[in-house]
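S.K.: Residue numbers (the working numbering), protein chains in the order written: chain A, 1 to 357; chain B, 1 to 520; chain C, 1 to 234.
Since the hints were made in silico from the structure, they are not lab data. Check before you lean on any hint, since a few could be wrong.
[Claimed, not checked] Once the Cα atoms are required to be at most 27 Å apart in a straight line, the calculated DSSO-like pairs of lysine-lysine come out as:
# : chain 1 : residue 1 : chain 2 : residue 2
1 : B       : LYS35     : A       : LYS139
2 : C       : LYS113    : C       : LYS101
3 : B       : LYS404    : C       : LYS210
4 : B       : LYS378    : C       : LYS210
5 : C       : LYS222    : C       : LYS210
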Amino acid sequence: MPKRSTAARWNIPLPKSIRENRGRLIMVLLLALLPFFVAVVDGQSMASVLANEASMSKFIQGLVIEILILAVYALSYDLIFGITGLLSFGHAMFFAVGAYLTGIMLKTFGWSFWATLGLVIVAGVVQALLFGIVLPRVKGITFALVTLGMASVFYIVIQSSELGEYTGADVGLQGVIPPAFLEPAGHRLQLYFFVLAFTIMVYLLFRRFVNSPTGRVCIAIRENEGRAQMLGYNTFYFKLAALTLSSITAALAGSLHTVYQPIVSPNVAGLGLTVAALLIILIGGVGTLDGALIGAAIYRLLDFGLRRFVGESASFINGAIYVAIVLFLPYGIVGTWRLKSFNIKQGWGRLLAFVRR
Amino acid sequence: MNAFFHSLRKNSVLWITILVLVAFFATAAHGMSTKDWVITLLRGLSVGSLTFLVASGFSLIFGLLDVLNLAHGTLFMIGAYLGWTVYVRPDTFIDILTPAALLASGFVLAPLWEVLAGRLQLGERRKRAWPWVGLLLAVVVLFLTLSRYPISTWDLENFAQSPGTYAYMADQGQRLLPPQAEFEGISPALDMAGILFGSLLAAFSLAGLSASRQPADRLRIPWLRIGMYVLLLAVGFGIYAVNDTLSVTLNELNTTWLFSIAVLVATLGGFALGALMESTLIRPLYIRPIYQLMLTLGLSAVGIEMVRALWGRTEFIMPKPALFSGAGEGCPATSLSGWLEHQCSTIFLLGGRVRVYNEILIPLVGIVVLIAVWVLLKRSRLGMIIRAGVQDREMVEALGINVKRVFTFVFSLGIGLATLGGTLAAPSLGLSNGMGENYLLNALIALAIGGLTSYPGSAIGSLLLGMMQQFIIKYGQIGIKLPFLAEPFKPTPPLVPASTVLLMVIILLVLPQGLFGRKE
Amino acid sequence: MENLLEIIDIHTFIGQYHILQGVTARVPKGSITTLLGRNGAGKTTTLKSVLGLTAPGKGKVVFKGREIQGMRSYEIAALGIGFVPEHRAIFRDLTVEENLKIAERRKGDFGRKQDFIFDLFPDLERLIRLTGSHLSGGQQQMLAIARALVADNQLLLIDEPSEGLAPVIIEHMIGAIRQLSADSTVLLVEQNFLVASQLAEYYVIIEEGKSVKSGKIADLVKDQGTIHRYLGAA
């Protein structure tokens, strides 16, 4: 017997889109109320939250801001890898360009925040073109290696002493002045809602993209590029489109990261961050979009928790946990959850049997 | 002759590219004095050789097993640290041998366990459960016993006893061994018995995990394996008995011999590690390549952390063996015989000063390995199977050949090459946590240039990479005289990796499969 | 005459797809038996199931009186089964000689069979040093069949040997297969009914993953009705 939806039970004809996204809407609501909730639990007043003086609330806000920025970054990676099937080992570069550019523009050139964002978007397009040069000729692993090479070069260049006066060389760019209305110390709540709104916008945009004809072609490219080409699609343009959207989003995430943390360390361009993106969507579920969000939360919280309670050996345990997740949850959290609801337990059992053979 | 021209025409793009590259490097060399380009050439060969050792292993593993082993760089590094330990602290090495032998002993009898485990008549539920219980118990026992086994190492907190200090002392020729570590709180006999027991239990439990899926075989007593078991035990106990003497002997051994031993140990250790990795972690994931990738990445991270935990974060050196470190009279040598006689570290070649270890030995080893593996691939039956398997795994299996065993061998070979490279590189590069990543990146660029699954490609790609790197570095020192610039252009350090990546991109644009890669 | 190979009601799954839904076939020793059926009926999968490349989920495969279903492919092949797959699958980078030598199961197999093979396929002797990629389609097919003859294989599984070959070459190949069937048993998959009927004694028709009819070829050629129903254009 089919399950009756809650809407029917309440007898309110909710529009389909709201009904289907119940969970996500509730999540958004919770996140919006979180700063206040934490303050109340901590014994502070609502007013202190609004005045950005509730310390516990500010701390939690900061954590969530980090998670959201990471989530947008992971979403951008899911777009090219999970949806379009383009394996890239240079994603950190997209993020880092946004971070450094924002830092440099705000600090050295004194640009306004919005003008800087505009420039970051342009930079995102340029980056995508840079990676995309080889796309018509090069596929799969080789493309991944090219991205790795480019990102590694970027990582070295950004730390070079020649550019030191702009980038702060291997120490990092320090003393960036974030825009006043988003200043993380005194206006953290504003920043919190700004980042939350940004995340929601990106998520909706990506959802829209995936469900659009363009998005579907990208999925087709992931499944079987040859067949998509035979259907008459110029796959290069589609891949480039996905790459561009991804690059812009990642760069903007980098911008926000600089606003939140006005010290840009070269690590944002390192391989570690690229691996983090891959890891996050693997944990959450490749190609599910939701998975990027959940994965980011788990990643950051796990890192935070381990570092707090275990300290030194955190990285080691981190690595071990990821190895375990990879071995035992191949479809990621969202992926496995979705599979279960299709009752593919049979197929799963056969898969395991096949693996063990 | 006809076939040659036919091949020439078919691969015209390839030949033209090669011609252009040769012309490019010839011009680059022309712009330097003889002694400069000789040194640059040799240095290029040196970097190229080390890159080749990493790249060839990676390429073999990727070609046959379709595994992107991103942990390869970490294994290169582990090789270096292992070799260092044997070379600078042979007593640590000797101390480790005994528990290692005892630990491995139980696993040697694996075939016997598989048969015995298959014959266990138990209820369905018990049959699934007991291996895990056994494994857990084994882990506990091994943890308790191994942690109590005394191994004299170093103290990361104490500068006077840090790896760096030991390295420095060894370099000065003052090899003072710390006092031997003693058993505390447990008798040696009990500890070793515990390790033996834990090993047997673990191996048996592991067999239990896989035995339930295979039909029980006929019980043939594997005498060979039992012999190996007894041998391992003998080695373990024997070394324990002569521990002191052995350590002192090694410590006072001519460093060239000791170095050779270190290289051998590191290479064989890599082999063993590779076999272990392949059978436990890689094999289950052959059907899910992306997860394999994540796994190797995860292993890489874990490996780096382990190295950090064991050897610390500070960089330290590995002294060059005696044959290459002389600096007294008669040095720098002016001829090969002069070098042999005085064991100089540098030699005059065509007007330039060349470091014997870095610029002569390393390329030499690279060439030897190149030829050796080439012979293996082209002339042996195993090599034939590998080459066929790279093309069509299924067909090879349909011919009655157990491809899985070949997989394990190739994986071990690849890892062994990497650890060999690491130990070889250590006296030249020093030891640091990041050395692995650098060389993996180099190797990947080299493979992209040469062709990901091509063995000759890995050689040529590495060579090109090494050359490009060193030429840019050299020109960074002497400057390129460009017609429209007043001052010579000196490429800055960041341009070094940028140039190799640029080379890679250009070649890929012209030949998307790399120089010798297969057109998909 | 005893059966060298018995396929008893096998079901084979590839992923979620139920490809073979009950195939039964018996291959008498010393004969050439052919699997017939339309494209996609499951003929190649049947061969692969015998060899264990796609293991049957249900049912039995009995070779020389021994149950082989569930065994590893290389173990099955080593029992004496040679495989000539669709599209030949010769190793492009290996020379003709290497392609043959790799099929050895005991040392010296190739040396022993050399004369026999070159008698059957004289071209191969001439081309012995060329790599697989330089051979024409017909030559590759010869090589693929020759490769299955190197080791002592009592059963040969041959999949679509005439595919993509010129009629003249097919004639030569038919002669060769007839000759080698004197010493070996052959289970053939052949889309081309003319070729199949010239070679085989017995047949089994497979339709949509099930075996539907079997018998002697001599009887089938007279039975236009059956031919039309199962082998004609859909």
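S.K.: Where does the structure disagree with the numbered hints, that is, which hint numbers, in rising order?
M.R.: 1, 3 and 4
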